[in-house]
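Read top to bottom, the protein sequences are chains A and B. First residue of the first sequence? That's 1 in the numbering used here, and the numbers climb one at a time after it. First residue of the second sequence? That's 1 in the numbering used here, and the numbers climb one at a time after it.
One thing to keep in mind: the hints can contain errors.
[As the list claims (entries may be wrong)] Some chain A residues judged to face chain B by a derived CB distance under 7 Å, without partners named:
1) Ile43
2) Thr47
3) Asn51
4) Glu104
5) Glu145
In short, the hints are calculated from the structure, not lab data. Glycine included, C-beta positions come from ideal geometry on N, C-alpha and C.
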Amino acid sequence: MLKYLPLGDKAFLVKIGNGISPETHIKVQNFSKLLEEKKLKGIIEVTPAYNEILISYDPGVLNYKKLISELRELEKEKINLYAELKRIIHIPVCYEAEYAPDLEMVASLNDISINEVVKIHASNEYLVYMLGFTPGFCYLGGMNEKIATPRKETPRTSIEAGSVGIAGKQTGIYPIDSPGGWQIIGKTPLKLFNPKSEPHFFIEPGCYLKFYRISKIEFESIKMQVEQNSFAIKIEAKNE
Amino acid sequence: MNKIRIIKPGLLSTIQDAGRWGFQKYGMPVSGAMDLYSLKLANELVGNDPSEACIEATMNGPSVEFLHDCYISVCGADMQAIINGNSIEMYRTILVNKGSNLSFKGLKTGLRSYIAFAGGVNVPLVMGSKSTYLRGKIGGFHGRKLQKGDEIEIGTYNKNLDFKKILKNKIPVFKDHFVARIIPGPEANCFTVKGLADFLNSEYTLTEQCDRMGYRLAGTKIEHKLSADIISSGIAFGTVQVPSHGEPIIMMADRQTIGGYARIGNIISEDLPYLAQLKPGDKIRFKEIKLNEI
Numbered sequence: 001m002l003k004y005l006p007l008g009d010k011a012f013l014v015k016i017g018n019g020i021s022p023e024t025h026i027k028v029q030n031f032s033k034l035l036e037e038k039k040l041k042g043i044i045e046v047t048p049a050y051n052e053i054l055i056s057y058d059p060g061v062l063n064y065k066k067l068i069s070e071l072r073e074l075e076k077e078k079i080n081l082y083a084e085l086k087r088i089i090h091i092p093v094c095y096e097a098e099y100a101p102d103l104e105m106v107a108s109l110n111d112i113s114i115n116e117v118v119k120i121h122a123s124n125e126y127l128v129y130m131l132g133f134t135p136g137f138c139y140l141g142g143m144n145e146k147i148a149t150p151r152k153e154t155p156r157t158s159i160e161a162g163s164v165g166i167a168g169k170q171t172g173i174y175p176i177d178s179p180g181g182w183q184i185i186g187k188t189p190l191k192l193f194n195p196k197s198e199p200h201f202f203i204e205p206g207c208y209l210k211f212y213r214i215s216k217i218e219f220e221s222i223k224m225q226v227e228q229n230s231f232a233i234k235i236e237a238k239n240e
Numbered sequence: 001m002n003k004i005r006i007i008k009p010g011l012l013s014t015i016q017d018a019g020r021w022g023f024q025k026y027g028m029p030v031s032g033a034m035d036l037y038s039l040k041l042a043n044e045l046v047g048n049d050p051s052e053a054c055i056e057a058t059m060n061g062p063s064v065e066f067l068h069d070c071y072i073s074v075c076g077a078d079m080q081a082i083i084n085g086n087s088i089e090m091y092r093t094i095l096v097n098k099g100s101n102l103s104f105k106g107l108k109t110g111l112r113s114y115i116a117f118a119g120g121v122n123v124p125l126v127m128g129s130k131s132t133y134l135r136g137k138i139g140g141f142h143g144r145k146l147q148k149g150d151e152i153e154i155g156t157y158n159k160n161l162d163f164k165k166i167l168k169n170k171i172p173v174f175k176d177h178f179v180a181r182i183i184p185g186p187e188a189n190c191f192t193v194k195g196l197a198d199f200l201n202s203e204y205t206l207t208e209q210c211d212r213m214g215y216r217l218a219g220t221k222i223e224h225k226l227s228a229d230i231i232s233s234g235i236a237f238g239t240v241q242v243p244s245h246g247e248p249i250i251m252m253a254d255r256q257t258i259g260g261y262a263r264i265g266n267i268i269s270e271d272l273p274y275l276a277q278l279k280p281g282d283k284i285r286f287k288e289i290k291l292n293e294i
């Protein structure tokens, strides 16, 4: 049985597991997708995280007790909606010095070459556990610890959207211009967040990201295509 | 097309509706009016949908010129609204003639006023909402706070609108102290007995670090049993988080979607409008309430 915990009088949490793991993640995504598909009356929004799902609801439509009992029924359904999410999205990244002010630092702190850092960074498939923090920011799992690097002691006041960074054992992409302390090792010309046109976000929790190296010339060319909405992002099904 | 022109923007005036729902799973904050009750009242008075966008004025209000006749209403904080120099009543429908000027003499009570326009505010819907999300630079009027010279379109409306007044017993009274009712949160058991007692028995002061995103409070430090950090997870309007420094933070309209600190509780929705009207230096106490007691 799942655990239900109120978060005020208009939201509650469904607690699925106790830690961060791909297994818990699959359960979280399965139940979230099921709730999205069922479109239960009274539920406004479903926000999955690592091991919990936040459900925003309108108590004027359906009260907490009734909602929970409906969800308890749904728990019994054996479903695997997760399979649909499993795809790899290929993210072009330019790792050249102009866009990678901290790449040398990451290499020297880990005692490997710049080339190796890039090779390692671009070889793994990263699971998108969830999105949050800023619009379009992905919490990624699966970075090789050989390139783990502590955050910068003094955060930068502004990091441009698209910058790819490392903080501790995590890697991520800044979706909007924001201050931050991540070690910046590259930049993608893709826009993770498009407020003006749909889809507003092309990355969903549950999919995988894989980075591939592009040159500065390719960066400029893709950037232009992105602005003209003509760039086709490479997406493939993920096989086990 | 009916229009208004901003002569002076005031400290922080933004377009806000009832929020941008449906994109939190992508990390998109809800935003929307800080005081949703005043937003609703203001809209009711001019025949709008209760969640239509208004101007949310903060601390000191804007000066607005009307380029056409328009019905308006002002609800929320009392900033002493005047039209062409004459005081006007809040919480009622007001007909403003073309060429008139709405301004505010100064803040008396509360912090945020809502100016509703019959027919609503004609800014584009961004991801289903007209709300301004300042950090993301989206929504509202070009994703920013209002500036001098901005001309904003107002919607069309019924010219024979009934004049309405909000009943006195429905008008909230804003003071410089407030007791917020709070439902224990998922990590309430991460605090020591002393910590929880301190939280519920102390008076906290709203610090200068308070904006549409969240309020930092100063006061008795709340003791955790072990750690203040949790596996990052969802937060709601009014969630009270306690980081390791022990002083609570209340998450407000522009809150990020995910938080990483122990959630000691969540203020009930009925009390959030009062919280939205507090100023730095104002006092807050917390009173525990169970969900089934609301």
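The hints, checked one at a time:
1. Among the interface hints, the one on A:Ile43 is violated; its C-beta lies about 11 Å from the nearest C-beta in chain B, farther than the 7 Å criterion.
2. With 7 Å as the threshold, the beta carbon of A:Thr47 comes within range of chain B, its nearest partner Cβ sitting at about 4 Å, so the hint holds.
3. A hinted interface residue such as A:Asn51 counts as satisfied when its beta carbon comes closer than 7 Å to some beta carbon of chain B; here the least separation is about 6 Å, so the hint holds.
4. For the restraint placing A:Glu104 at the interface with chain B, the shortest Cβ-Cβ distance is roughly 30 Å, beyond the 7 Å limit, so the hint is violated.
5. Residue-level restraint check for A:Glu145 is violated (minimum Cβ-Cβ distance to chain B is 20 Å; threshold 7 Å).
In this structure, the earlier hints numbered 1, 4 and 5 are contradicted, and the remaining ones agree with it.
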